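Sequences listed follow chains A and B, in order. All residue numbers in the first sequence are consecutive under the working numbering, ending with 314. All residue numbers in the second sequence are consecutive under the working numbering, ending with 314.
Just so you know, these hints were derived from the structure itself, not from any lab. One thing to keep in mind: the hints can contain errors.
With the C-beta cut set under 8 angstroms, the calculated list includes, among others, these residues of chain B facing chain A [said to hold, decoys possible]:
#, residue
1, LEU27
2, VAL36
3, SER47
4, ASP48
5, ALA80
6, SER91
7, CYS93
8, LEU98
Pairwise CB distance ranges, derived in the manner of DEER restraints [stated by the list, open to error]:
#, chain 1, residue 1, chain 2, residue 2, range
9, B, TRP60, A, ASP97, 24 to 30 angstroms
10, A, ARG101, B, PRO155, 50 to 56 angstroms
11, A, ARG154, B, GLY53, 49 to 55 angstroms
12, B, ASP59, A, ALA4, 21 to 27 angstroms
13, B, GLY7, A, GLU187, 28 to 34 angstroms
14, B, SER130, A, ARG18, 27 to 33 angstroms
Covered stretches of chain B, as calculated for chain A (at least 3 residues, CB under 8 angstroms) [unchecked claim]:
#, stretch
15, 39 to 46
16, 125 to 137
17, 144 to 150
18, 249 to 255
If you're wondering where the values come from, they're calculated on a predicted model, not measured in any experiment. Glycine included, every Cβ here is placed at the ideal spot set by N, Cα and C.
Spelled out from the first residue to the last, the chains are:
There are 2 protein chains.
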Amino acid sequence: MTVAERGEFGLISAVTARLGSGANCILGPGDDAAVVTAPDRRVVASSDVLVEGHHFRRDWSSAEDVGHRAAAANLADIAAMGAVPTALLVSLCVPPDLDVRWVEGLADGLAAEAALTGASVVGGDISASSTLTIAVTALGDLQGLPPVVRSGARPGDVVAVTGRLGWAAAGYTVLSRGFRSPRALVEAHRRPRPPYAAGPVAARLGATAMIDVSDGLLADLGHIARASGVGIDLRREAFDVAPQMRDAAAALGVDPYVWIFTGGDDHALAATFPAGTVLPPGWRTIGRVNDHDQVTVDGEPFTGASAGWEHFRA
Amino acid sequence: MTVAERGEFGLISAVTARLGSGANCILGPGDDAAVVTAPDRRVVASSDVLVEGHHFRRDWSSAEDVGHRAAAANLADIAAMGAVPTALLVSLCVPPDLDVRWVEGLADGLAAEAALTGASVVGGDISASSTLTIAVTALGDLQGLPPVVRSGARPGDVVAVTGRLGWAAAGYTVLSRGFRSPRALVEAHRRPRPPYAAGPVAARLGATAMIDVSDGLLADLGHIARASGVGIDLRREAFDVAPQMRDAAAALGVDPYVWIFTGGDDHALAATFPAGTVLPPGWRTIGRVNDHDQVTVDGEPFTGASAGWEHFRA
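Given these sequences and hints, build the entire structure.
Structure below.
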């Protein structure tokens, strides 16, 4: 059955029936607005939109995959402030001939990814459109801590990261060359695994700056460097190249460090900490903040960078 | 200059430069997420999406108009819960050949409408898309009051409304017939004037149910009736037909009560109050809640209803 045959209100019923209600949801879908707990008296909020053909392809990713990715991109932004996600709102624009099952799968993916963090989908909107578009807003709670912004890095701070780097980009390259394996890389593109819980842990440890890696590690550390008025130098030896990635890079004729340093969409968390901070499990030190004004690798600009990274630097 | 020529980051700068910062904004655009005050320890949140060709036409409405409407549709949802708007987040999908000035005008409209309520645009996202799409999320604060939901109407309650009814629909009909006047009606379509402040006032007065009129008065009161398990009977004589609307209706061969009863997008507020409540200025009593299960006018179903209303009733 198509979306048009089901109708707007039928579609909303089909979607909301699949959404669980999280502990932070005081009033869920079905009224003019939702009501969500904000125990901290502040609410963290971030919006990210996914557009078919730009951010996902239906022949590369299932509806569930797209739901997971749309939720993850937003939930990771909340974690990168040091906050705990509480709720998602989803505005969905669908072509009238789209199968209702696709929308149901999307709802399942959104709900499942949100549940990983304790959040739930509390509201949204559905409209017809010729372009399949998923606009998500995530809300979160800071639990009494100051938000970890991009501008707090200071020379001498250590730079650390948790989560995967370059996996989603490698998976994208694999898919764009017409392959469907290695499966671990393709799955990393389809469903990122952001280390949500690490965000509040880093905030509690005194992280001076934090960002979720969505544009690529060098680009995102560039955002921190510019906002903080500092430079950052990374040590290449701090980065392991996973065997699957090394093999795929060799087979495809790609420098795997381009994936690691410039690939986005894994939603790893990168943060700076005062020197001497004992990092919790899962974080690895990758470099140090200095008083220069650029992001370097072993003291030099990374020359394998993609055009995207150069564009962001401009 | 087109959006593509300006680039994503340049466009974000152009937009954020035009957005003021409201009193509720603790951290505005430029980080992974915004931080907004939530003094009540709960946050009200609603999302609404506008799609070109479905919700607006660029030859009928200016960029500023579309910004005002996109903000108004969301802010009115917050008011309809009895809450005060605190912030907007905006995800914008734009065709690459769109003029940057259009996006700047949109930002001006969004910011100006938000400022009417004390809110401001605190964050968002921009993506390329072949379909111009504006997805807005509004946040609000309940100031210690319970949310006014749709399900609280009880038989014997009075039904009241504040704000304009049918004006936006009349303006839409005027434009769709190729006319540009009466100007008051066309402007009502371009820029609704929701009675934002009336929402929290109604909550404080003990409104038992409330909704913003976006689908049409009968349809939206139908949402209240179904959620509350009640019926509602309206008195036709309670509705004035403004002279401009009467003249336009005569000229176009339209029953003006179809606009008043089934036209959406004015974002009036309709609410139910315990019998005997002294309504504040601006509210007018239009009917009464009963123990039947439908919305009637003078005891009968409204027969002039549009297909849209019939569809929603199904």
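Can you list which hints this structure breaks, lowest number first? 8, 10, 18
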